[in-house]
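Visitor: Listed below are the residues making up each chain.
There are 2 protein chains.
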Amino acid sequence: MANNMTLLWCTFSVPCWRVMIALEEKMLQGYNQTLLDFDKEEHKSTIVMDLNPRAQLPTFKHGDCIVNESYGACMYLENQFRSQGTQMIPEGLAEQALMYQRMFEGQTFYEKLSDVVYYEYYVPQGERHDSAIKRNKGNLAIEIKLWEGYFQKMEAGSYLAGKAFSLADVLVFPTIAYSFRSGLSAERYPKLGAYYSMMKDRPSVKTTWPPHWQEDQEKPQWGDFLKEL
Amino acid sequence: MANNMTLLWCTFSVPCWRVMIALEEKMLQGYNQTLLDFDKEEHKSTIVMDLNPRAQLPTFKHGDCIVNESYGACMYLENQFRSQGTQMIPEGLAEQALMYQRMFEGQTFYEKLSDVVYYEYYVPQGERHDSAIKRNKGNLAIEIKLWEGYFQKMEAGSYLAGKAFSLADVLVFPTIAYSFRSGLSAERYPKLGAYYSMMKDRPSVKTTWPPHWQEDQEKPQWGDFLKEL
Chain G
1 MANNMTLLWC TFSVPCWRVM IALEEKMLQG YNQTLLDFDK EEHKSTIVMD LNPRAQLPTF
61 KHGDCIVNES YGACMYLENQ FRSQGTQMIP EGLAEQALMY QRMFEGQTFY EKLSDVVYYE
121 YYVPQGERHD SAIKRNKGNL AIEIKLWEGY FQKMEAGSYL AGKAFSLADV LVFPTIAYSF
181 RSGLSAERYP KLGAYYSMMK DRPSVKTTWP PHWQEDQEKP QWGDFLKEL
Chain D
1001 MANNMTLLWC TFSVPCWRVM IALEEKMLQG YNQTLLDFDK EEHKSTIVMD LNPRAQLPTF
1061 KHGDCIVNES YGACMYLENQ FRSQGTQMIP EGLAEQALMY QRMFEGQTFY EKLSDVVYYE
1121 YYVPQGERHD SAIKRNKGNL AIEIKLWEGY FQKMEAGSYL AGKAFSLADV LVFPTIAYSF
1181 RSGLSAERYP KLGAYYSMMK DRPSVKTTWP PHWQEDQEKP QWGDFLKEL
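Protein sequences, first through last, are from chains G and D.
So that you can map any letter, position 58 of the first sequence is 58 in my numbering, and since no number is skipped, the others follow by simple counting.
Quick note, my numbering runs 1000 ahead of the 1-based positions in the second sequence.
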């Protein structure tokens, strides 16, 4: 029981989801958790600000240790609970190299997805340009084709860094899931689609599935941002 | 001798500098290296593209393993050469948590610095706005104050994650160095300035100091982008 751990999170958040998957994989169930409402600006409330001056979610605490950055929290958990639950860093040299490469490429993937999906959130009205929207979508399409290509070169049923599930999956799967929920076509990107389907059945993913997605699992949540991609 | 390692890099690059510092810290001198000219678009040449479809520098290879993402390469090197050179992941729980927190916050720092310094490079002419330039500078100022504050709460002479040098320093110091080289005032940010001075004397930093900075160490390289910050 991970009752010395606290997670403040919000639904709709890729970074929060990463940490929740890692906690499940490391068998750290039973942590204290509070679901906050981003739209009500609860991420700016004092319970967050006291632990996280950036006013961001996730906010994560283990004993007296605070690791709010999602990549940092997942790596910290793997390091602290190495022999518990899933081993998330593979032993093999090649798999390890591929894991580190893919997990950080995953940040670029998430940035490019955010540039499309959150454009109106990030860019004030007077500074928006159709040319930027078009370019962002183009960049995201190139990015997604790159990932489809990575899977094309691997055996069917592979995880992101090879035969074994790893930190790369913990950190990048939520971005892939959000892409499909934003209208990405599994027909056009069949390898990514197969990976998405495989991962959806993983217990750590099932347990942490965003609550607002439960009602209608197949309908794009974000509108059809990525439909034509 | 690290003669089974290859690094393709360019000067002026924070991500390249991270990997070069890590290689020095892990006593991996003697690697094959090629300095490419970004302005001549040599990062799009076939020697890069063959290893790195993103056409980015650094491009790093160890034997048959390719890890081009700078954070990934540094973590891979620490993992593969754990008992060689500097131990870059501290033992203590609190130091380790702080290291993971700061190293990933460092990505935000670098993003905000890039938003200011590379604005004209990233944003096409017709899409530029004075309001965005002003906002980016404001965001960077907030960010830098945050880091100054982190050092204020630590003992004099501390590294980013405490008493010991760690991966956080490898990954974030180049961003801090670029900030000062872009005109940041060490008078206004004395704790960051003291850290910058301390790190400048570290052998791994001295050896890898950007070659184009050698001639006039004190003159801001990038112009005075950050002078008024």
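No lab work stands behind these hints: they were computed from the structure.
Warning: the hint list may mix true and false statements.
[As the list claims (entries may be wrong)] Not close to chain D: a few residues of chain G, all C-beta gaps over 12 Å, as computed: (1) 10; (2) 41; (3) 47; (4) 60; (5) 64; (6) 66; (7) 67; (8) 80; (9) 94; (10) 135; (11) 142; (12) 165; (13) 183; (14) 198; (15) 211.
[As the list claims (entries may be wrong)] Taking lysine to aspartate or glutamate and the EDC-like style, the derived pairs with C-alpha atoms no more than 16 Å apart in a straight line are: (16) 134/G / 1127/D; (17) 1061/D / 95/G; (18) 1137/D / 1155/D; (19) 1145/D / 1228/D; (20) 1061/D / 1050/D; (21) 145/G / 91/G; (22) 1134/D / 95/G; (23) 61/G / 1024/D.
[Unchecked claim] DEER-style ranges, computed between Cβ atoms: (24) 1055/D / 198/G: 51 to 61 Å; (25) 1003/D / 92/G: 18 to 28 Å; (26) 1032/D / 34/G: 34 to 44 Å; (27) 1011/D / 37/G: 45 to 55 Å; (28) 1130/D / 39/G: 43 to 53 Å; (29) 1045/D / 122/G: 49 to 59 Å; (30) 152/G / 1133/D: 38 to 48 Å; (31) 1040/D / 40/G: 32 to 42 Å; (32) 40/G / 1064/D: 25 to 35 Å; (33) 1029/D / 138/G: 20 to 30 Å; (34) 197/G / 1030/D: 29 to 39 Å; (35) 1130/D / 198/G: 18 to 28 Å; (36) 35/G / 1003/D: 30 to 40 Å.
Where a beta carbon is used, it is the ideal one built from N, C-alpha and C, also for glycine.
Visitor: Could you see if the CB distance from residue 1045/D to residue 122/G stays within 49 to 59 Å?
Guide: 34 Å Cβ-Cβ, so the 49 to 59 Å window is violated.
Visitor: Just want to verify: residue 60/G was marked as not at the interface with chain D; is every Cβ pair farther apart than 12 Å?
Guide: Violated, since 10 Å does not exceed 12 Å.
Visitor: Going by Cβ atoms, does residue 67/G stay more than 12 Å from chain D at every point?
Guide: violated (5 Å)
Visitor: Take a quick look at residue 183/G and tell me if its Cβ sits farther than 12 Å from every Cβ on chain D, holds or violated.
Guide: holds (25 Å)
Visitor: Would you say the C-beta atoms of residue 1040/D and residue 40/G sit inside 32 to 42 Å of each other?
Guide: violated (52 Å)
Visitor: Mind checking the hinted window 20 to 30 Å against the Cβ distance between residue 1029/D and residue 138/G?
Guide: violated (42 Å)
Visitor: For the pair we were handed, residue 145/G and residue 91/G, check the Cα-Cα distance against 16 Å.
Guide: Since the Cα atoms of residue 145/G and residue 91/G sit roughly 29 Å apart, the hinted pair is violated (cutoff 16 Å).
Visitor: Return holds or violated for the Cβ distance of residue 35/G and residue 1003/D against the range 30 to 40 Å.
Guide: The hinted range 30 to 40 Å is violated for residue 35/G and residue 1003/D, with Cβ atoms some 53 Å apart.
Visitor: Quick check on a hinted range of 38 to 48 Å for residue 152/G and residue 1133/D, using CB atoms only.
Guide: holds (42 Å)
Visitor: Between residue 1130/D and residue 198/G, is the Cβ distance one that fits in 18 to 28 Å?
Guide: violated (49 Å)
Visitor: Using the C-beta atoms of residue 1032/D and residue 34/G, is the stated range 34 to 44 Å upheld?
Guide: violated (51 Å)
Visitor: Holds or violated: is the Cβ of residue 165/G farther than 12 Å from all Cβ atoms of chain D?
Guide: Consistent with the label, residue 165/G stays out of reach of chain D, its closest Cβ about 18 Å off (over 12 Å).
The structure shown violates the earlier hints numbered 4, 5, 6, 7, 8, 9, 10, 11, 18, 21, 22, 23, 24, 26, 28, 29, 31, 32, 33, 34, 35 and 36.
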